[in-house]
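Number of protein chains: 2
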Amino acid sequence: MSSINLWGYTEKNFQKEKYPLNETLFALGNGYIGTRGSFEEKSDFGGHDGTFINGFYDYYDLSYGEKYNGYPDRSHAMLNVTNGKKIDIYINNERFSLEKGTIKDYVREIDFKKGILTRRVTWISEKGDEILYESERLVSFYEKHLMISKIRITPLNFDGDIRVVSYLEGDVKNITKENDPRIGVEFHGDELKVLECKIDNNRGEIISKTKSSNLGLICLMANNIKCDDQYDSFYEQNDKSVSHVFNIKAEKNKVIDLEKYIVYKSYKNELNDNLYSEVIGIVEEAFTKKYDFYKQKQKEFIDDFWFNTDILIDGDDATQQGIRFNMFHLLQSVGRDSLTNISAKGLTGEGYEGHYFWDTEIYILPFFLYTNPDIAKQLVNYRYNLLDSARKRAKEMQYKKGALYPWRTINGEECSAYFPAGTAQYHINGDIAYTVCKYVEATNDEEFMVEKGAEILIETARLWLEIGHFNSKGEFHICCVTGPDEYTAIVNNNVYTNLMAANNLHNAYKAAMLLQKKYPAQYKKLIDKINIEESEIDNFEVAANEMYVPYDEHRKLYPQDDSFFDKPKWDFIDSEDKHPLLMHYHPLNIYRAQVCKQADLILAEFLLGGYFDREQKIRDYDYYEKITTHDSSLSTCIFSIMANELGLYDKAYDYFGDSVRTDIDNLHNNTSAGIHTANMAGAWMSIIYGFAGMRVEDGALRFSPHLPNQWNSYRFRVSFQRRIIEVCVTKNNTEFKILHGEPIMIYNEEKSIKVV
Amino acid sequence: MSSINLWGYTEKNFQKEKYPLNETLFALGNGYIGTRGSFEEKSDFGGHDGTFINGFYDYYDLSYGEKYNGYPDRSHAMLNVTNGKKIDIYINNERFSLEKGTIKDYVREIDFKKGILTRRVTWISEKGDEILYESERLVSFYEKHLMISKIRITPLNFDGDIRVVSYLEGDVKNITKENDPRIGVEFHGDELKVLECKIDNNRGEIISKTKSSNLGLICLMANNIKCDDQYDSFYEQNDKSVSHVFNIKAEKNKVIDLEKYIVYKSYKNELNDNLYSEVIGIVEEAFTKKYDFYKQKQKEFIDDFWFNTDILIDGDDATQQGIRFNMFHLLQSVGRDSLTNISAKGLTGEGYEGHYFWDTEIYILPFFLYTNPDIAKQLVNYRYNLLDSARKRAKEMQYKKGALYPWRTINGEECSAYFPAGTAQYHINGDIAYTVCKYVEATNDEEFMVEKGAEILIETARLWLEIGHFNSKGEFHICCVTGPDEYTAIVNNNVYTNLMAANNLHNAYKAAMLLQKKYPAQYKKLIDKINIEESEIDNFEVAANEMYVPYDEHRKLYPQDDSFFDKPKWDFIDSEDKHPLLMHYHPLNIYRAQVCKQADLILAEFLLGGYFDREQKIRDYDYYEKITTHDSSLSTCIFSIMANELGLYDKAYDYFGDSVRTDIDNLHNNTSAGIHTANMAGAWMSIIYGFAGMRVEDGALRFSPHLPNQWNSYRFRVSFQRRIIEVCVTKNNTEFKILHGEPIMIYNEEKSIKVV
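These protein sequence lines are chains A and B, in that order.
In case it helps, full-length UniProt numbering puts the first sequence at residues 1 to 756.
In case it helps, full-length UniProt numbering puts the second sequence at residues 1 to 756.
Just so you know, these hints were derived from the structure itself, not from any lab.
These numbers were taken from a predicted model, which means no experiment stands behind them.
Quick reminder that beta carbons are idealized off the backbone N, C-alpha and C, glycines included.
Each hint should be verified, as a subset may be incorrect.
As the list claims (entries may be wrong) - Estimated spans, in silico, between C-beta atoms of each pair:
id, chain 1, residue 1, chain 2, residue 2, range
1, A, E697, B, D613, 53 to 61 angstroms
2, A, N444, B, I573, 46 to 54 angstroms
3, B, V255, A, D61, 56 to 64 angstroms
4, A, K569, B, D613, 43 to 51 angstroms
5, A, D574, B, K529, 24 to 32 angstroms
6, B, N531, A, D171, 40 to 48 angstroms
7, A, D61, B, K18, 32 to 40 angstroms
To be verified - Partial chain A-side listing against chain B, Cβ under 7 angstroms, derived:
id, residue
8, G55
9, Y59
10, L62
11, C480
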């Protein structure tokens, strides 16, 4: 029998050297609040006790040795906020801490079905007092502003003094940047200032304000103790911290329970009375309803999630655990309010500054779209809400029309300080447009297309006409861009970019035609709003049709861009121990060679598969695989998917194996700084698009399932056009079943079948 | 009769709005000390009173939003140093200043034959006291550490108190950066700290030290008063300043003379006794020999300079003045100690941080080489002295062999913070190699080639083998470089770069062969020192011979690089009022179009003219002229030269006209921040290479003179192979004459003639 926890992740013996890593793996979140899995009690094991609110950031100035027009003046980064988790315990004046004393039993577990983190430890103080310490923590999906900690202390061999101190600490800082953008940002530690710190109505309260982004945060704590012992309690406070102290005359074997309710609420500009009352209401309600109520609600929410989402893998427990771990963390990380999104490290760390990238559209959104389309809708709505910022950005870049989405952002402003791998990655416009269409196709949400989608498509399409041009042969060329592969920059006619641009232009034209015919009033409103002429819309279709795509007739290969094959191949032997290359080589040396950080042409062949024939894909795969380093975590999942499509099943499984347990096994050795959300969703894609061969083309669902040798069977569910379809793949056949909704025609191995 | 001062520049009426500009135009220098033409007396007309020591800089940190391997951590910039010029005068307690009172007569003049700056003003104080103020200033070419100010005050209508205060001020700052790299740097004002400020032996003395570059500066002042009036004198001082005060009981019409000797001496690390004594010796000698001695020596030095250098233009006084102004400022700006060079703004301003660029080799060095070859030798020696730094830089960039010269530097460290228009401009290696060969060709200084030149050539050649590659056809390609034109960046096979690289490789091979055959001992020493194999040297010649140069057979044009013609043409109408473009557009938008900041291919066609036939040059000129903005001051002179070569005489004169009076007429409206040294030398090139059609090819001097319609005749001298040759071009013929040295065979209009 396997010892792997299929519905959770367990630490069975305390490993202090893994404390920073486990802070990430045991992180909890609900898409609004995220908190690292640090212990309640003060512990110095080199970690970083962070709590984050999605979309809550401060600005910092960007500096450049030489600065040019259109460079962003400032960036913003997600802030570490008021610490509400901390609870210290003193046993006969000796502070409970795993740094000292003796640990007798220890188990920590995050439960994917319950959505809670528990810890249980029997600990003997240096003086010999033995206690059983048990804690539970949840960040509520039911009430997104609420986090609850529950601790229970049982004195096992003594009567004596137990002091419990429950803190709300406003003196928090981000990690200082260490010249590695994957870890943190150059903040000074004074970005979040405590405005007010007080005790009111048996609650602690800290109101903070950011230094320059004009965002505020109110954080409340209420503690509820339950014990049969005698105790007294009081508060202590200073400028930046409140603590609620309980002095207990403890008796052997009598339990002491403390429930701690922590409420976070961020706001813009000034805190008003209504908002304040609302926050008070949340904490009062929680205090009344108690922990068990929220624990039950948490389970109900998560049950629903798993019903839609779970993938059952028979015969490979490590993978089973890994994929659930990933899906659970994706749920914990994703903003569901259309004002926030899902960042590169979710809400588990400060790396990449909490920014949202194209990762959302191309890697993460498919997971939500085909399991939880309501969440997907909020992510697409987020991009619509950014459209004005994107129009502004296009103007800053001196374009006369259209919108240019930021390469990295939280609030819509471009935060990339290195344009060759930032602003030059115009493909983000195409990625967002692609996803708008995929969303509408998978949900039949034509209302979204009419109200918002068409506007995104048209405004992004306009930008291609700004940066591309028709050459003397009438071909549409796009110069000086960077594709997904950041090891090749500022090139002409990157195949991925050009094809995604063509797709964007064509779909913008189609959307305009749809509105014109079917929704003339909305069409009129839209063209007035964005001031567009019909000739411009016609031009979208011309540019799409005439889009130039370089091809090497001699090699029978697609070059990644016009000049890709003119460059020499990279010396992989010489650089074997120097990955990721960009941390070891000057960009020019990398750009100068045929070497890819990640899937680029191969990604185009996945996303726009219909454009390429199978033989072509095989040749290209063979060529590009040899020169791809996978230095980006966005790479192996795409190679896995395409390996499956091309029947390279061993490779497919190997690449999948690299990605499904990246974080849980800390394969990149940097999970302590946060999870890799795109890779997590990539693992889901590797199963659904890869092994199961799912594609959605022209509104139809297609499958071409393969069962890896390592598995006995697998089963998953897909939400599609208001249905839930269950797919079960075994050695001999594949079964499709409708769990919810009307029957549907799908394709299995190119054969049309009706699923009921 | 023309009112233009043919041997100087004169300000006849004080124009306070031109004060900052005139600080540049009236700047004095001797290649070591440079001082702006600010008044002696405190004046607030918005200028910047700067004094600079060539090669005297401090470091500052470079910051990047995203930083990668091989990016420089720090830059350095030339410092404004101790102010020794300042002298205040009080007339019956009213401070002499042109800010107030009445100016009756005024004339200021810089004399190109004497090398001194004079000012004469009759001034009436607000109370009605009238004085004649006369000053002379020189920065000595004879004693490079010495600057002298002489002032004479004559009370014209009163007896009374005159107080003269002569300062040495250590509290000096650079201009704060204003987001324009052409003006200044982001210093904090504390880069130069006063260590010691004292009065000793009737001299003021300030010793300063840089904050981080470990350079020191000692500055002494000694004042010598001569007057028949009664006076007393004393010193005042504070932490950062010394002043020598003279209280004079002045009598009407009796002159008061003050001579002020200021000595500057910079040093590395610590000041030692020897050095200190040396500096004391200089000031004591000056105090003994007196101003008139140095004035005479100044004239002798400058007479020699003009004998070698002057260009006589009959019929165009504005040009006559302009070209002399330029040549005089070039002499004032150039370092002649092999440890310093000539910066973009000479020693007249802080723009471009006092850095030395490729401007030296390709624009400025020809002027010195063919007029003052001893100075040229020191400039080439400077590059040899930088070779170790260049080898270090190559290693920093992860190259295994060779040397990479910094794009911009003072001390040899790369200071460019924007690699697409910095490090990517590898052509600087080729530019330096080109100049090494031109130097040896023009001087027959084979000893230099053996001792230093060959090492430069071979180490720079090695770098081309590091960044270039042989493709499958055996062609040598160089990818991801930026040519001279900074409006097109990170391209493959820039024609200029590839041809200069081929030239470098070929000459490195030739130099190695020369040493091997003629100087075997030195050859052995060299190959041991730099650890090179013969096969590597052979490979230089193979790469040179197989160098790929793109050519468009259809257009019959050379593209600037592989993909230049794939881009659309720039919209010149839309951007008419937005020059320089890089201050108005994001780099990507500029890179994306066919638009040139400056001569690039056209520069190659000038420097390596033998590679291209005349018809080709005509076609290319016609094409590139239309798309070149000349946003760089390095451009019009090259277009002028090539226009002359191609018989486009009107264009040639127009372009020349744009460049010969750029600074004296403030055509770029930024001369207040300093002169444009490369453009100044470009004007010389426009005459010598342009109108006179001089070329040096295969060791032979060739001319093809043309007399512009605007001129009656012109005459110039050229130093070549230990001769001075005078060339006089009139309407009907050209005369050549040897002024110094043996007869020589030259070519005039392709005909070989013997000059005696």
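Comparing the hints with the structure gives:
1. About 57 angstroms separates the C-beta atoms of E697 (chain A) and D613 (chain B), a value consistent with the hinted range of 53 to 61 angstroms.
2. Restraint check, N444 (chain A) to I573 (chain B): a C-beta distance of roughly 48 angstroms satisfies the suggested window 46 to 54 angstroms.
3. Taking the beta carbon of each, V255 (chain B) and D61 (chain A) are about 58 angstroms apart, inside 56 to 64 angstroms as hinted.
4. At about 37 angstroms, the beta-carbon gap between K569 (chain A) and D613 (chain B) misses the expected band of 43 to 51 angstroms.
5. Judged by the Cβ atoms, the range 24 to 32 angstroms given for D574 (chain A) and K529 (chain B) holds: they are separated by roughly 25 angstroms.
6. The hinted range of 40 to 48 angstroms is not satisfied by N531 (chain B) and D171 (chain A), whose Cβ atoms lie roughly 57 angstroms apart.
7. In this structure the hint that D61 (chain A) and K18 (chain B) lie 32 to 40 angstroms apart at CB holds, the actual value being about 36 angstroms.
8. Because the beta carbon of G55 (chain A) sits about 22 angstroms from the nearest beta carbon in chain B, more than 7 angstroms, this interface hint is broken.
9. Look at Y59 (chain A): its Cβ only gets to about 13 angstroms from chain B, farther than 7 angstroms, so that hint breaks.
10. The beta carbon of L62 (chain A) comes within 4 angstroms of a beta carbon in chain B, closer than 7 angstroms, and the hint placing it at the interface holds.
11. Against a cut-off of 7 angstroms between C-beta atoms, the interface hint on C480 (chain A) holds, since the closest Cβ of chain B lies about 4 angstroms away.
Checked against the numbered hints above, the structure violates hints 4, 6, 8 and 9; every other hint is satisfied.
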